[in-house]
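Protein chains in written order, with the working numbering: chain A, 1 to 456; chain B, 1 to 456; chain C, 1 to 170; chain D, 1 to 170.
Don't take every hint at face value.
To be verified - Below, a list of computed lysine-lysine pairs in the PhoX-like style, where the Cα atoms sit at most 20 angstroms apart:
1. K125/B <-> K260/B
2. K32/C <-> K32/D
3. K116/B <-> K4/B
4. K101/A <-> K320/A
5. K101/A <-> K134/D
6. K320/A <-> K127/A
7. K149/D <-> K10/C
8. K32/C <-> K17/C
9. K124/B <-> K260/B
10. K17/C <-> K134/D
11. K347/B <-> K250/B
12. K101/B <-> K10/C
13. K134/D <-> K32/C
14. K32/D <-> K10/C
15. K283/B <-> K250/B
Stated by the list, open to error - Label-pair ranges, simulated between beta-carbon atoms:
16. G318/A <-> A153/D: 18 to 28 angstroms
17. S160/A <-> E122/D: 56 to 66 angstroms
18. V148/C <-> R234/B: 36 to 46 angstroms
It is worth saying that the hints were derived from the structure and are not from the lab. Heads up, the beta-carbon is just placed ideally off N, CA and C, and yes, glycines get one too.
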Amino acid sequence: MFRKVLIANRGEIALRIISACKEMGIRTVAIYSEADRNSLHVRFADEAICIGPPRSADSYLNVPAVISAAEIADVDAIHPGYGLLSENANFAEVCRASNIKFIGPPPEVTRLMGEKEKARMSMKKAKVPILPGSEGVIQSEEEALEWARQIGYPVILKASAGGGGRGMRVVRNAEELPNFFRAARTEAQNAFGNGDLYMEKFIERPRHIEFQVLADEHGNVISLGERECSIQRRHQKLIEESPSLQVTPKMREEIGATLKRCLETIGYMNAGTVEFLMDEDGKLYFIEMNTRIQVEHPVTELVTGVDLVKAQFRIAAGEKLSEIITRPIEMRGHAIECRINAEHPEKFTPSAGKISVFNLPGGNGVRVDTAQYAEGIVPPYYDSLIAKLIVHGTDRAEAVARMERALGMFVVEGIHTTIPLHQRIFADEDFRVGAFDTKFMERFFEREKLRRESTQ
Amino acid sequence: MFRKVLIANRGEIALRIISACKEMGIRTVAIYSEADRNSLHVRFADEAICIGPPRSADSYLNVPAVISAAEIADVDAIHPGYGLLSENANFAEVCRASNIKFIGPPPEVTRLMGEKEKARMSMKKAKVPILPGSEGVIQSEEEALEWARQIGYPVILKASAGGGGRGMRVVRNAEELPNFFRAARTEAQNAFGNGDLYMEKFIERPRHIEFQVLADEHGNVISLGERECSIQRRHQKLIEESPSLQVTPKMREEIGATLKRCLETIGYMNAGTVEFLMDEDGKLYFIEMNTRIQVEHPVTELVTGVDLVKAQFRIAAGEKLSEIITRPIEMRGHAIECRINAEHPEKFTPSAGKISVFNLPGGNGVRVDTAQYAEGIVPPYYDSLIAKLIVHGTDRAEAVARMERALGMFVVEGIHTTIPLHQRIFADEDFRVGAFDTKFMERFFEREKLRRESTQ
Amino acid sequence: MNAGQLQSLKDLIEFLKQQEVGEFELEQDGLKVHLSFAGHDRPAGNVNLGHLSHLLQPAPAAAAVAAPAHLPSVAAGSSAMESPSAVAEDGLHIIKSPIVGTFYEASAPGAEPYIKVGDQVESGQVVCIVEAMKLMNEIESDVAGEVVKRMVASGQPVEYGQPLFAIRRR
Amino acid sequence: MNAGQLQSLKDLIEFLKQQEVGEFELEQDGLKVHLSFAGHDRPAGNVNLGHLSHLLQPAPAAAAVAAPAHLPSVAAGSSAMESPSAVAEDGLHIIKSPIVGTFYEASAPGAEPYIKVGDQVESGQVVCIVEAMKLMNEIESDVAGEVVKRMVASGQPVEYGQPLFAIRRR
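Assemble the whole structure, with the sequences as input and the hints as a guide.
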């Protein structure tokens, strides 16, 4: 096992990794920017090194500074956490060149998965279902009709050069296709100076479902089931849970087997997450793979009983999966995570500042991952996640009730947080019965707005 | 299920019960003394009623005040927690007379178990092993020799009227018995005006091991495995764990079956704990039964996955055990609890006062049950338990490592706590390998003293 | 400490205050001085506490029971009241309930109330009943004076220490 | 304390205030003075934290850094140093390390140090090397003046912002 590890991150994930190291007898080195001098990851690490000024670009994202710190502290591994340098293949390469073990997949794999189209094709080759679409640019209405027929309606036309909704059309049947095709092409031409279009299957109300995997360095891959992450606001996840109500044991097993085959072929290593969209019929389509530990990893830990961060270290140290996970993975009960962000709960503006009151909920089935504390400061330089509140219950109903009680006991003052927003979501009938998709929050806010207007 | 419950307790257990109620949709009423006005159980209950001045006798132990509060709040049940009125059969009777469901066994059962000799005999009849001893007063040296022969050396002579070690002698063989018998009788006569002696088997180094049971109101009993509670200081438990390293699956099953038979015969109801001493050969002897939820119930919750407080409510509401626990009880992993007391860690004097810093540990496998908070006050009137730190790991080694890391992250300032003491115990080699008994702490302090002296 | 020393010390303290010193310690020979100015480093701890209990949760609409947050905050630790009755800030004497139960103004439904606003009461005179566990507990005034205010309605539940009457002592 | 001493003390306090000192301690012979100004947050723990050499020592768990709540709250927003170098309280200019790495006083082992105590340095003059990732980064003085002190030993690791030299400006 490693003797000494540098944690190239901050906040709750840095503390999460430090905790795992402490429990494994690994010495820890924190790095910090000047804004984080009084952070708990600095306090609880065995050593701490200031590597730069507050701006991430000059500190946590500054590869020479991070590597230099690793060298003077004489560590044998670096854990990148999530975000920051975690999916930076160059950083992983510098680690390798510096003879420091990077806790994650090798740079080649990270690079492959970082190029979305290549990743898609690798997955497709391994029979992982991907979102159907045209291959390359569509030249004519006739070709468009043919692609649409193959893909199946509804489809979406997108501008190859595009973005922001321009040159984009949802087409629901063959009749409306020709007009929409021409309109989209004109719009794309006007907007981007390029009228090229391509086509994809359109999912009206997709769910975001992802699978956690672990892969050792001996060619073995295991799937640890899925997480349901559809409760998002502008592609930022707010609530995650495991298992998903939509995934049957049979689906779980099939996807697990496919992923195992596919990732063993690719030569994947360490922890990773395979993200899917699920359509209204419960069919899954691969979108991308994240080659790092994820924010929402605790819900998987609670239902599987596997400590994912410890597993990352053991894998990186060369252990085999069969030594790390000695009994078959079984999903036990139901876990839900709420991301507690330092944000205004209505306006979503970041809310940096000093925390005056910080009362954590506890008791049966409640886990809190945080690096914040009473009198602590939320600096304005980094992301707004200040705590993860995670609950575990025998079933979803108990987990939901437990989360509601825990949210009510989580008292934060001095800054705004998303706690009141979570409380409103948990009171929502659609959420409670699990009837949601990635558009849920839009509808939720719309309903709230209507309700406010009707009471005025 | 109950509509509204009064919690006749304070501190962490009151909050634990309130949490269970919230998760079950039961309305809660807290009662509090003037010293607890700003306590979290008052804050988080739906209603709160001040029932008296700080002294327990005038508030939490004042039956008319508690019942009167229950009546004006119009509750349909009272949960007594542990300590205070929890094993007061008269209180349970007043509840019954007031048509309020007492969450616990009926007063007759509490009374039976409260009379130690009757409880012993009930257990003996049901073939639960009890500590062998003389029946009644020993009249002569000859009789003493005969009893000792039957019981087997070593034995202990005790004064019937006695206490505090006077009139007490450990006898290791027949030769020394006559002299010790005479000396003990004289001592007892002088000390208590009564020279009557009785004899029990003497266990040199007993372990304290207890079994958690649940019993419904339809005659069904289930055992939820054992807890090892040998780390005690002056009969106050400091650390509890489950499972015990000494209890094999076979023993667990056998004792479980015996207890089931015995308690079904007695007509036991609700949660209870059967306490045993274990001798050096691993044999268990019944000592007493506690007819309430225990401080250390969380370790059982973590390894079995059963929420004991919720089970208490469901049982009291008439549900059958088969509805509450739907799969066979299985011990998963290993759980350990440290009692964090507001005490000087060396002198053990209570340390009341204002808490200035209160940073709770969190993360994977860590549970904290507490009603304390930063800026909170530990009043001098009640017991010194301010928090329970409970960890769960895949095995004892992981649990021990996790506890060490969690203790290191538990920062309390403004008062003294037992956290440093726990850290020292967890560093002790005997503790780490599980080589301990109820005399462990005596030896531990002795070793510490020697070490201090040798370094001076 | 002689007069001269005392004067020096006073001088010094005045000076320290002027200089906005927060804390000061001095040790010299047999003399040891420690001083901290009021308001310094005291982030209103007790207030915070009370504050915490007001937070988030809107006071439960418990018709039956007074929400604790409405009651005067008592600093725990030194909080034990000598007697449940006490003097209010405006000089009025407050008769508080010595037990938790249900308040009745009269001995029986329809009977005259024991006392009314404007009445003169004597010390030891019964002023109301608080029922607890079917027992009618007669509550006596602990002062003599004029009844200025009744704070609870007949039939209303009261907790321990809850104000019942305000009396202007004579 | 006689009048002369008292006056000296007052003088000193005025001076401390002027210099915006937060906390002050003095011990001399029989005299011991401790003082902190109102509004000043609490002992400056960050000095300890700032020194890598301290942190690289295994610290016993119990002694592990003062509790966060006691540390001065570095107002995150205003904490960013304009430049890693700054003026120390005693008027000396401190050259701080602009990067994390290993400090070397000379360009090569056995070579003459770039600067020594007592030397005059010019603004822009190389004063030392901080090695990071095998790169030898020449660190230049940002002021001109006399080298009063060197704060780290050659070969010692330094973190970002760590003081290297004290310079008396001219």
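| Quick one, are K32/C and K32/D close enough, alpha carbons at most 20 angstroms? | OK: K32/C and K32/D at ~9 angstroms, within 20 angstroms.
| Agreement of K17/C and K134/D with the hint, judged by alpha carbon distance not exceeding 20 angstroms | violated (56 angstroms)
| request: Take a quick look at whether K149/D and K10/C sit within 20 angstroms of each other, Cα to Cα. | output: violated (42 angstroms)
| task | For the pair supplied as a hint, K320/A and K127/A, confirm whether the alpha-carbon distance does not exceed 20 angstroms. | result | violated (26 angstroms)
| task | For the pair we were handed, K101/A and K320/A, check the Cα-Cα distance against 20 angstroms. | result | Distance ~17 angstroms between K101/A and K320/A Cα, so the pair holds.
| request: Could you grab the alpha-carbon distance between K101/A and K134/D and see if it respects the 20 angstroms cut-off? | output: Within the cut-off at roughly 18 angstroms; holds.
| query | When you check the alpha-carbon spacing of K134/D and K32/C, does it fall within 20 angstroms? | reply | violated (56 angstroms)
| field | Distance restraint between K124/B and K260/B, which requires alpha-carbon spacing of 20 angstroms or less | value | Holds: K124/B and K260/B sit about 14 angstroms apart, inside 20 angstroms.
| field | Given pair status - K10/C, K101/B, alpha carbons within 20 angstroms | value | Status violated; Cα separation ~66 angstroms.
| request: Verify the proposed pairing of K116/B with K4/B, using a straight-line Cα cut of 20 angstroms. | output: violated (34 angstroms)
| Regarding S160/A and E122/D, is the given constraint of 56 to 66 angstroms on their beta-carbon distance met? | Since S160/A and E122/D have Cβ atoms about 58 angstroms apart, the given range 56 to 66 angstroms holds.
| query | Would the pair K283/B and K250/B pass a check requiring their Cα atoms to be no farther apart than 20 angstroms? | reply | Within the cut-off at roughly 13 angstroms; holds.
Taken one by one, the earlier hints fail for this structure at numbers 3, 6, 7, 10, 11, 12, 13, 16, 18, listed in ascending order.
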